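Protein sequences, first through last, are from chains A and B.
Per my numbering, the very first residue in the first sequence carries number 1; after that it's consecutive.
Per my numbering, the very first residue in the second sequence carries number 1; after that it's consecutive.
Bear in mind the hints are in silico, worked out from the structure with no lab data behind them.
Fair warning: this is a prediction, and the values are worked out from it, not measured in the lab.
Errors might be hidden in some of the hints.
Said to hold, decoys possible - Derived DSS-like pairs (lysine-lysine); straight-line CA-CA distance at most 27 Å:
no., chain 1, residue 1, chain 2, residue 2
1, A, Lys-5, B, Lys-132
2, A, Lys-3, B, Lys-79
3, B, Lys-421, B, Lys-213
4, A, Lys-316, A, Lys-270
5, B, Lys-422, B, Lys-412
6, A, Lys-15, B, Lys-370
7, B, Lys-25, A, Lys-5
8, A, Lys-5, B, Lys-79
9, B, Lys-214, B, Lys-192
10, B, Lys-64, B, Lys-421
11, A, Lys-316, B, Lys-422
12, B, Lys-412, B, Lys-373
13, B, Lys-412, B, Lys-370
14, B, Lys-422, B, Lys-213
15, B, Lys-132, B, Lys-79
16, A, Lys-270, A, Lys-228
17, B, Lys-412, B, Lys-394
18, B, Lys-394, B, Lys-64
19, B, Lys-412, B, Lys-25
20, B, Lys-64, B, Lys-422
21, A, Lys-3, B, Lys-132
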Amino acid sequence: MQKRKFYDPNQPGAKALRDSIVHGAAITEGTMVAFPTCFPNVTEAVRADESFIRAMDITADGIVYAGTSGYASHILVGMFHGITGMVFDLGVAEGATECAAVCCGQQSIVAAVNGPSGARLVRRPLQPLPFDLIQEWHMWRVPFQYTDLGLSAGRVLHAVTDLGRATVIGVTESSLFTFEIETGTLRTVSEIPCSGRLARGSGGNIFGRDGAEHLWKFDPRSQQLTRKAVPLPKGEWSSAPLLWARDEADGQGALYLADARGTLFRFHEKTGFGSALATIPLSPIGAMAVTFDGRIFASAGDGIARMFCVQPSTGKISDLGVAVSVIERRRYGYCFGDAVVGRDGEIIFGENDDLGHLWLYFPKIIRPAV
Amino acid sequence: MLFRRSQQRILKINMAYDVTWYPFKDKPDADSCWALHTGPDGRVYVAACAESAPGGVVALTRYKRETDSVEYLFDLDTKVDDPRDNGRATQCKIHYSFAPSASDGIMYMATHLSGPPIDLPAYSPWNFWHNKERCFRGAALLAFDTKNDQVLWSDTLIPKEGCRCLLLDEERSLLYALSYPRDHFIIYDLKKRTSRDVGRIGSVNSQALFSDKKHRIWTTDDYGHLVRYDPERGRLDRSPFVLPHTGPVQNGWHSVFYDVVASPERDCVYAVTWNGGAHLMRIWPNEGEWGRVEDLGTVTPPHDLTVPENFYVDHCGGLTFAADGMLYFAASHWEGEFPSNSDAINHVDGPDSPRRVEGVVYRMDPRTLKREKIAQLRRPDASSHYVSRGAVDKHGDLFFGHVGRTPVGFFKVAMPDDRRKKDAHLPLRTWG
Chain A
1 MQKRKFYDPN QPGAKALRDS IVHGAAITEG TMVAFPTCFP NVTEAVRADE
51 SFIRAMDITA DGIVYAGTSG YASHILVGMF HGITGMVFDL GVAEGATECA
101 AVCCGQQSIV AAVNGPSGAR LVRRPLQPLP FDLIQEWHMW RVPFQYTDLG
151 LSAGRVLHAV TDLGRATVIG VTESSLFTFE IETGTLRTVS EIPCSGRLAR
201 GSGGNIFGRD GAEHLWKFDP RSQQLTRKAV PLPKGEWSSA PLLWARDEAD
251 GQGALYLADA RGTLFRFHEK TGFGSALATI PLSPIGAMAV TFDGRIFASA
301 GDGIARMFCV QPSTGKISDL GVAVSVIERR RYGYCFGDAV VGRDGEIIFG
351 ENDDLGHLWL YFPKIIRPAV
Chain B
1 MLFRRSQQRI LKINMAYDVT WYPFKDKPDA DSCWALHTGP DGRVYVAACA
51 ESAPGGVVAL TRYKRETDSV EYLFDLDTKV DDPRDNGRAT QCKIHYSFAP
101 SASDGIMYMA THLSGPPIDL PAYSPWNFWH NKERCFRGAA LLAFDTKNDQ
151 VLWSDTLIPK EGCRCLLLDE ERSLLYALSY PRDHFIIYDL KKRTSRDVGR
201 IGSVNSQALF SDKKHRIWTT DDYGHLVRYD PERGRLDRSP FVLPHTGPVQ
251 NGWHSVFYDV VASPERDCVY AVTWNGGAHL MRIWPNEGEW GRVEDLGTVT
301 PPHDLTVPEN FYVDHCGGLT FAADGMLYFA ASHWEGEFPS NSDAINHVDG
351 PDSPRRVEGV VYRMDPRTLK REKIAQLRRP DASSHYVSRG AVDKHGDLFF
401 GHVGRTPVGF FKVAMPDDRR KKDAHLPLRT WG
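So that you can see chain A by itself, here it is in the shape it has in the complex:
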């Protein structure tokens, strides 16, 4: 073991170094706001050990839905624009301890959950906007509707919607299925071994893992499944959960995919995967999303995750430090399980921890070059 020499804390430069160590630890760009899983000062937050947020989706008008995991699974809605500012616990999914995915339809949401009651889909109407959450409110819970995925299906792993938000496409450990949101019609597309998360490509096709080196492609319109449709790029995929992020604003619907080492690849349906863009120095990546100017923000690393910003055009990676909120709640953020892009390009991270919060991240506005 290498022995180190004593650092004289009074030597020149000591204060600057001390400051960089201490103050360089927390988020160094942008602003993070940890929002509790409640209507602050009005309702109780979800129990700490039932609030691991690993599944999120967002409606076209910026209403966030999330599902929790833990001793119970709650379905949440978060509203942060206009005269809102709340997270409403829509209820506990009976017999569920894990929420694998949340999908926003046109009029309803569907959560994919697991637990003692097996793999199920939970459906309820979208939550209407409240009148005014400064002065008065009128909210109530609507019962969930449940659809069993069948004991033989195993755990439900992930689900996404089609382009029109009419159909949920999901995977269990052993099958690919579709679910018509408004009619509740469940259909098994194929009995195939599945793992990892799904993504909807730029052309509306759904992609999922197909063995160690490929993706399958499913076209929801024709209901056609193409096995080994896309080869995965060279990377570490053996233990990768397939973490995707969509660039909603580039006009092409490009996706980014991270491997187990944190290496990012850009994917487009027409052109396939590009070469490795950059490697985030910590892994695993817990959550990742792309804001409107194309910057990718990701939370990575075990135990105490750090936030990273990747500029795809240059491959430059910035380490933004540990997530910290000093607005609304004073909290360190150590672990995130999913992320969506908000109405105005902010990133909303789901905290995958005891007493998980929804974290709104407002990235730094880039000062234009003069």
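For chain A, the structure is supplied; the task is to place chain B on it using the hints.
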């Protein structure tokens, strides 16, 4: 009114209690004494911590009555193979983490972090979490046999994190701990030497745990709720109410435990929070679903609420029951405007020179809840208002650990003869 001047007159105390100051003279970098505890042998063990100096390590010391002096037992890094010059955050302190075992004479102790690596001026557990060379190795757990002064074994209690506070359930051979910085609730099985992470509590670390007759473990969360681990349920539950706090600006946030002591009868505990204008309280944990909490009021003077309380200046700790059945504790006291940090830590010339903030020892009768000031803690060279923990040794004398100007040390408050008894330290306090 924004500024409320103290109505109390300072320190007209009948000093029937002799106070003696014991600086860690042989450890000049000792800047804090976070842990002071009576061992199973009835002697007082004290952690001489060094959390500021690069490469600082904690030394285990003990009050030696035969010579009326500080006895140095060992530097802790040498016992756990984590040398101070290896470039990692150091084994710099024991932080409310002594836990004595009466049945076998073992004093368990666990270490905490924040001491900088020897070649850096500071350490951040957040910044260096993923740094393989710098990251704190983890809270070291030691089993120290007080019968023959030997470390029987050691282990890593919490990898990469420090131990903020420790508790022993001797009957079940379990240690409970809170980790820092992640604030996780940890259970260590002494028979299997394995640990279990029950989960995160919050961001503001509570500074104390306590147990009740049902082997339930209690602490607090960020918002001043009681948090309870029930071994039968295996989960952490939170009380529906918040602990007493100071209005009108506080709402319970940061009302985490600072110090908790059990009554001699073990039917209730007395606690003080780690917050500005801290409240003393009495908690009856076995009454009702969530116990009964009595607010016993604040323990430091009121002050200008437009200024955030300085946690170093506004402080209460050292809750201890002595042989006379009375609760003793130490709190800071000042007159007039709130003293600054430099006021509190500045050098003073001699024990009789004036100082802006004083450490006062109170004695409270649990039957009447009447408090009286019984002693003033005076070290000759600086203010001595910040007391971390207190203890009573087997002869009945009071001891208080001190945090302040380097080198720190501890105080002995000699009890009048009519307030002593044999084996005054029993029953042992089993949490730090």
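Hints versus structure:
1. Lys-5(A) <-> Lys-132(B): holds, 18 Å
2. Lys-3(A) <-> Lys-79(B): Holds: Lys-3(A) and Lys-79(B) sit about 18 Å apart, inside 27 Å.
3. Lys-421(B) <-> Lys-213(B): Judged against 27 Å, a Cα distance of about 26 Å means the pair holds.
4. Lys-316(A) <-> Lys-270(A): holds, 25 Å
5. Lys-422(B) <-> Lys-412(B): Between Lys-422(B) and Lys-412(B) the Cα gap is close to 17 Å, so the pair holds against 27 Å.
6. Lys-15(A) <-> Lys-370(B): violated, 48 Å
7. Lys-25(B) <-> Lys-5(A): Holds, because 24 Å separates the two Cα atoms, which is no more than 27 Å.
8. Lys-5(A) <-> Lys-79(B): Distance ~21 Å between Lys-5(A) and Lys-79(B) Cα, so the pair holds.
9. Lys-214(B) <-> Lys-192(B): holds, 22 Å
10. Lys-64(B) <-> Lys-421(B): holds, 19 Å
11. Lys-316(A) <-> Lys-422(B): Measuring from Cα to Cα gives roughly 70 Å; hence the hint is violated.
12. Lys-412(B) <-> Lys-373(B): holds, 16 Å
13. Lys-412(B) <-> Lys-370(B): Since the Cα atoms of Lys-412(B) and Lys-370(B) sit roughly 23 Å apart, the hinted pair holds (cutoff 27 Å).
14. Lys-422(B) <-> Lys-213(B): Holds. Lys-422(B) to Lys-213(B) sits at ~25 Å (cutoff 27 Å).
15. Lys-132(B) <-> Lys-79(B): holds, 22 Å
16. Lys-270(A) <-> Lys-228(A): At roughly 16 Å apart (the allowed maximum being 27 Å), Lys-228(A) and Lys-270(A) satisfy the hint.
17. Lys-412(B) <-> Lys-394(B): holds, 13 Å
18. Lys-394(B) <-> Lys-64(B): holds, 12 Å
19. Lys-412(B) <-> Lys-25(B): Distance ~16 Å between Lys-412(B) and Lys-25(B) Cα, so the pair holds.
20. Lys-64(B) <-> Lys-422(B): Since the Cα atoms of Lys-64(B) and Lys-422(B) sit roughly 17 Å apart, the hinted pair holds (cutoff 27 Å).
21. Lys-3(A) <-> Lys-132(B): holds, 15 Å
Of the numbered hints given earlier, the model fails hints 6 and 11; all others are met.
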